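Line by line, the protein sequences give chains P and A. Residue numbering for the first sequence follows the UniProt record's numbering, beginning at 1 and increasing consecutively. Residue numbering for the second sequence follows the UniProt record's numbering, beginning at 1 and increasing consecutively.
Incorrect hints may have been included.
You can't tell identical chains apart in this list, so a pair holds if it fits in one copy or across any two.
In silico lysine-lysine, BS3-like type, Cα no more than 27 Å apart, as pairs [claimed, not checked]:
1) Lys116 / Lys391
2) Lys147 / Lys344
3) Lys116 / Lys344
Source of the hints: derived by calculation from the structure; they are not laboratory data. Here the structure is a predicted model, which means the values were calculated and not measured.
2 protein chains.
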Amino acid sequence: MKKKETVSVKVAQERLRQIEIKPGTEIIGVSEALGRICAQDVYAVINQPPFPRSPLDGYAVRSQDTQGASIKTPVKLKVIEHICAGMYPSKKVESGEAVKIMTGAPIPEGADGIIKQELTDEGNENVELYESVRAYGNYCFQGEDVKQGMLLFEKGVQLRYMHVGIMASQGMENIEVYAVPKIGIMATGDELISAGQPLIPGKIYDSNGPLLEARVSELGCSALRLKSLRDDARGLAEAVKSAIGHCNALITSGGVSVGVRDCMPDVAKLLNAEVLFHGINAKPGSPMMVMVIEGKLVFCLSGNPFAAAATFEVLVRPVLERMRGREEWKPQRVWGKLNTAFQKPSAVRRYVRGRIEDGIVWLPEGRHSSGMLASMAGCNCLVDIPGDSGKLDAGASVEVILL
Amino acid sequence: MKKKETVSVKVAQERLRQIEIKPGTEIIGVSEALGRICAQDVYAVINQPPFPRSPLDGYAVRSQDTQGASIKTPVKLKVIEHICAGMYPSKKVESGEAVKIMTGAPIPEGADGIIKQELTDEGNENVELYESVRAYGNYCFQGEDVKQGMLLFEKGVQLRYMHVGIMASQGMENIEVYAVPKIGIMATGDELISAGQPLIPGKIYDSNGPLLEARVSELGCSALRLKSLRDDARGLAEAVKSAIGHCNALITSGGVSVGVRDCMPDVAKLLNAEVLFHGINAKPGSPMMVMVIEGKLVFCLSGNPFAAAATFEVLVRPVLERMRGREEWKPQRVWGKLNTAFQKPSAVRRYVRGRIEDGIVWLPEGRHSSGMLASMAGCNCLVDIPGDSGKLDAGASVEVILL
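Only chain P is shown next, with the shape it has when bound in the complex:
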């Protein structure tokens, strides 16, 4: 094959951004919604609290009745009812009357204040108050936390535990969320065998399949692991065509470079695919290709494990986030200072694995090759090194993408 024209990461990202993505939605139970992306603006259907509520244990009174009350000049009221949380008052409080009330119970009609039980004689039939209360003192208004009709949270939010709690407090049973995209994962290469099989000379265990499957799952998509395939263009083309029939997108690894067994470009031709780009002006993973077949995106990553992992973050993840309903998702990028010098400048943009902790970026020394995977164990970020950076000294500021 001829050397093809490569695009910058920015151009590649922009071409992907131009692809229209219309995630489906579904209505599910609030109790299953954790981690899903909300597909509706959520409004309050009831007031919270649903009734005026006592914030403490004490007596519901008419505030006017309590004026001038003190230890020396207590005000005596008739206790007409006892109300606990979960009960509802049956009587209206008239002048000279009080209702003994517990935290969380509804304040009866007529009362406009609560006197703490510690400021009374705690009587059950009559009560002596040792302090006055102002109008609406210790009074939680209906709808004080949430007014019916108020926007609680917006479409596009990833539902966490607090959202589940808020929806439950509103009595909501169901919620519209975006459907979980199904992502096919297909590792290719004659050299691959699966874990559990004996290691035949010349073969290696497939790590791209399991790694990509796990990452896709971490990101809240449904990963469909497909059989690893040999380097055969016709067989691969058939498998790709079949896979896109039951996936929202497909990720392959291997076969994208210029060797005799690099079949993915031939697959593109056989399937009459629209190739968005083939080759990015960045390391690792520069041979990667993205094509569209029957409206479905097929990401063809390098077979080198770290190259596949790095290009996944930079070019695949943003698309997956849009597919799951996060149209506005952006990677978390932060700045840190290199702990040691980085001696391998490159004319092209470079993604290097690292660990950021308290603003310091640690690089696994000498273990950066795109074929190496093990040094990712302690990593939590990709360091994004511009093409023109030159050699980086210890202490240099670098931007990282959090994993």
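Following the hints, position chain A against chain P.
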């Protein structure tokens, strides 16, 4: 009930820390291990790569044979074999010989360097080399990434996608992980009804049950939601006793204060529980209680939704992390600057909900009451305000716990 002695958060945490926790372990498939906590140190069982490997498409040669090669004085070698990734060389390279080799293929015996195909005439039976290679140039050594026996990662690590990929690359099928603790969740209170039921006057929808269930699930534990119960000490005691029989720990909400319907202290007596503490010197959630029954921890949180959520983070989560195998887990605490003043100093330590973004801490204005839940929708941290802080001005540095 009499007012009881309260303990500081620090003392409460220390008493919980003293409780011995012995998480169980189990052996599971690597493909199910995502998110679990590793219960073994993981060592490499094979070298990676398993054989000396070519990092590029080209020719495997004896470096000595290539000395002096240039465009003008090419070195001509006999091509004795073609090797792709996944194949294994059948011949040794002798002087004057070369093997055509593809990226990822095993380097044949005798060869000690690879010449890039772009620096040759790309011949199939004979090849002309236009450059020399030094000994072990372009040569990936066996075990270069990982040496058999090397420690890959340690016990206690939460398994992420890279760990799954690394284990797969080693051909590992199974891994020992900590068992997932089963945590019972029981909301109590006569006022509670469940989502989907009509809202009867005086009742509220239970949000603590769903919120705690969701949070426990987010943290990788298995949440066992138990029926919400009425404020009745005997009924509650029975339910608690039954629950701890099939949970590793139990979390209740409601009934811990000093009102007539606050039954949890009576439950403690009825079940002859060891009370670790009852009452913390902090807000919100100060009435909370922790007891040990038949060796199981029972966390009795306040019924106020935000109080339950906040004390969960500070006092329950650290225990759950230990139960799932993260003995050394610490909350992520960072410093930020308040966006607005916080006007409500308190004599005791205070936990306030907030949102930290780029070092700025936003507080949901005027919506801090422990009964309010809705304002947690946009929050991602708890601001930890010491008891002696006084009024905090805008710009003040505060420490937050990330949620």
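These are the hints, each one checked on the structure:
no., hint, verdict
1, Lys116 / Lys391, "between (70 Å within a copy, 26 Å between copies)"
2, Lys147 / Lys344, "between (59 Å within a copy, 24 Å between copies)"
3, Lys116 / Lys344, "between (71 Å within a copy, 20 Å between copies)"
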